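Number of protein chains: 2
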Amino acid sequence: MGEEVKSKGEEETWMVESKEWYLLSYAPHGVPTTDHLKLRSVCLSLSPQSIPHAHLAIETLFFSIDPYLRSRFTGNLDGLYFPQFELNQVITIFGIGRVKVSNDSKYKEGDLIMSASLLVAEYCVIPSSEIFGKIDAASGISLPDYLSSLGVPGFAAWLGIEVVGDPKPGSNVLISAASGGVGMIAGQLAKIRGCRVIGSTGSDEKLRLIKEEFGYDDGFNYNKETDLDAVLTKFFPNGIDFYLDNVGGKMLESVLNHVNKYARIPLCGMISQYNQVWTERDGVRNLLNMVGKEVRMEGFLLKTHFNRFGDFAKEMEGHMKEGRVKSKIKINTGIETFLDSLNSLFSASNIGKVLIQVKA
Amino acid sequence: MGEEVKSKGEEETWMVESKEWYLLSYAPHGVPTTDHLKLRSVCLSLSPQSIPHAHLAIETLFFSIDPYLRSRFTGNLDGLYFPQFELNQVITIFGIGRVKVSNDSKYKEGDLIMSASLLVAEYCVIPSSEIFGKIDAASGISLPDYLSSLGVPGFAAWLGIEVVGDPKPGSNVLISAASGGVGMIAGQLAKIRGCRVIGSTGSDEKLRLIKEEFGYDDGFNYNKETDLDAVLTKFFPNGIDFYLDNVGGKMLESVLNHVNKYARIPLCGMISQYNQVWTERDGVRNLLNMVGKEVRMEGFLLKTHFNRFGDFAKEMEGHMKEGRVKSKIKINTGIETFLDSLNSLFSASNIGKVLIQVKA
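The listed protein sequences correspond, in order, to chains Z and X.
For reference, each letter of the first sequence is one residue, going 1 to 360 in full-length UniProt numbering.
For reference, each letter of the second sequence is one residue, going 1 to 360 in full-length UniProt numbering.
Don't take each hint at face value.
One copy or two, it doesn't matter: identical chains are merged, so the pair holds either way.
[To be verified] Calculated lysine-lysine pairs in the DSSO-like style (CA-CA distance at most 30 Å, straight line):
{"#": "1", "residue 1": "LYS19", "residue 2": "LYS234"}
{"#": "2", "residue 1": "LYS314", "residue 2": "LYS261"}
{"#": "3", "residue 1": "LYS19", "residue 2": "LYS321"}
{"#": "4", "residue 1": "LYS19", "residue 2": "LYS191"}
{"#": "5", "residue 1": "LYS250", "residue 2": "LYS314"}
{"#": "6", "residue 1": "LYS168", "residue 2": "LYS326"}
{"#": "7", "residue 1": "LYS38", "residue 2": "LYS326"}
{"#": "8", "residue 1": "LYS191", "residue 2": "LYS359"}
{"#": "9", "residue 1": "LYS211", "residue 2": "LYS134"}
{"#": "10", "residue 1": "LYS303", "residue 2": "LYS168"}
{"#": "11", "residue 1": "LYS234", "residue 2": "LYS38"}
{"#": "12", "residue 1": "LYS106", "residue 2": "LYS261"}
{"#": "13", "residue 1": "LYS321", "residue 2": "LYS108"}
Simulated from the structure, these hints should not be mistaken for lab results.
Keep in mind that this is a model prediction, so the values were computed, not measured.
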């Protein structure tokens, strides 16, 4: 006990106020609100004595806002099968932080780290085993880029194109949510492979962006189209060889009416489906086409492929340095924006990768 | 002209009466009837002079009745994408025949041949290029077995298990239409691989058969079950690793709620769906589970894999000779039974592989 005795003044210098988002109740369907996720402010001691062995006190800097997060507070396991957040606990997220206090000799104060287990809080204490990697501040790559092209969406796009899907040069490729975090990168990777790439987006502004910034051959705004079948006929007169599905539902069904023999459909996510319980989701009625066209459809998650992260990062850094892959990033400022930032993924409003910069 | 002059008597000895089924009108949905497929009798000359170069006159012996046939007279291309039969033409089928007259030196009268392009007729004249292979009458294998274990359903089952699906020993395997032509063989092949195999069937008699004759570990009669989810929970307490889908629809959807990580679902056909236009088919609402469980679903057709037929036949003959693979065959007698034989595939009535023996 004696060693832990400190003067009130010493302890107080280590106290920080930390705002954090915790889960009040599950939201099985619909748009989550402050009935489900709540912001609160706590006082936290970062004194070296209060940090357990092999743990780090982290000041959070950037959070990666990704659609899978929505599936972690539905209260049921169907769909993505990510573990559910626990009630009354602070939720966790992929992001970048700075080490404030280290109780692990591999890390020191000031180190920039990435982790999939940051708390959605201004400060947190986590085991050093949860650190995904250190960031070299002299790399010339910005912190937001580490969470976009080199982060969750970039890795997902790379897996969909390079590992799971493997479209051949000249393939006719469709990418849904084409201006989203995953889609914008996937489209550029497919172009690098020599494919003809068409994007589906939710606004004219996004449509302009994928053509002018991301090098898509063409695309459409699905919110302006009443007949998806006619659109696909127009943009794919020779059929679809490859579809990276980020949305599911009606788009997937329509695509299955236009697939070519041996088409590949990596399933990266189904953003149109996350806010509904599965029995209320759009059913895909034409899976029989997969038999006649001998289509392969395959879901994938990043975790399974973490052993490829090094290959991915090396390749992607090369693309970025050569200017072959660009990224559009929407940075919302302040941890207070978490709920709105998350919900923006499911509206037509956001473009590109969404991040939160925790402090201005 | 002079050489073709024959006496009326000579020509008449080559004339045969041949009953044949032709397509009167397409049947987009529902059970086809004699409004769609009609039987008629024609007179056909089999005189050597009337057989073109590199053609054969064939007396048909056995027809293989397979579900894909239904898709060839819906009048639209969705689903299996087999070419549609033409109106007022005799329909074609996979079967066995005997050469009556040969105008190709590779074949002689009496040869037993297999072809995917026999007419559904008692006699027909076809190009020798359409012959799939000769049958060795001394092989010890019966003609019906050539159309079951060694024919369309056997090859489909082998592709689903050995090529497309590749379940590991110990895998928890579900096979739908488990006592049907494909299912009965697939279940036995999965057992040979050391899997735990459960079958879904449509009657108690079929259920008994798959357990007692085909060596399934267990199974259920889906017509007796009101809650597919509960049935799958009961038979797959550790989840489903592999599902050979022969039916589609509600069964596929239920399976997707019970799949394990990395489950494989080869799509062999969807017999529950063939009698409906696609917009009226059951939609599968939980494809998102394929993402979370990283499931691969893949359709396949036999034609793509014909280069493997030799490997298949050799392996299957070995299984048959060692008694490891058995086959239940329902033989209907007389070409008149064609329509009823076809429709029996889509009812709960038939068991095993359905053939027609053209003449008693």
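message: Reference check for the pair LYS250 and LYS314, CA-CA at most 30 Å: within, between, both, or neither?
response: Close neither inside one copy (36 Å) nor across copies (44 Å); limit 30 Å.
query: Within a copy, between copies, both or neither: where do LYS191 and LYS359 come within 30 Å Cα-Cα?
result: Close neither inside one copy (36 Å) nor across copies (60 Å); limit 30 Å.
- prompt: Within a copy, between copies, both or neither: where do LYS211 and LYS134 come within 30 Å Cα-Cα?
  reply: neither (34 Å within a copy, 57 Å between copies)
message: At most 30 Å between CA atoms: does that hold for LYS321 and LYS108 within a copy, between copies, both, or neither?
response: within (29 Å within a copy, 70 Å between copies)
query: Is it within, between, both, or neither for LYS38 and LYS326, if the alpha carbons may be no more than 30 Å apart?
result: Neither: 35 Å inside a chain and 63 Å across chains, both beyond 30 Å.
message: As a check of your reading, is LYS168 near LYS326 (CA-CA no more than 30 Å) within one copy, between copies, both or neither?
response: within (22 Å within a copy, 42 Å between copies)
task: Evaluate LYS106 and LYS261 at a C-alpha cut-off of 30 Å and name the case that applies: within, between, both or neither.
output: Cα proximity of LYS106 and LYS261: none, with 52 Å in one copy and 34 Å across.
Within, between, both or neither: LYS234, LYS38 at alpha-carbon 30 Å: neither (46 Å within a copy, 40 Å between copies)
- prompt: Is it within, between, both, or neither for LYS303 and LYS168, if the alpha carbons may be no more than 30 Å apart?
  reply: both (25 Å within a copy, 22 Å between copies)
field: Within, between, both or neither: LYS19, LYS191 at alpha-carbon 30 Å
entry: Result: close neither inside a copy nor across copies, 42 Å intra and 58 Å inter.
- prompt: Are the CA atoms of LYS19 and LYS234 at most 30 Å apart within a copy, between copies, both, or neither?
  reply: neither (50 Å within a copy, 46 Å between copies)
field: Intra/inter-copy verdict for LYS19 and LYS321 if alpha-carbon distance must be at most 30 Å
entry: neither (37 Å within a copy, 73 Å between copies)
Hints 1, 3, 4, 5, 7, 8, 9, 11 and 12 from the list above are not met by this structure, while the remaining hints are.
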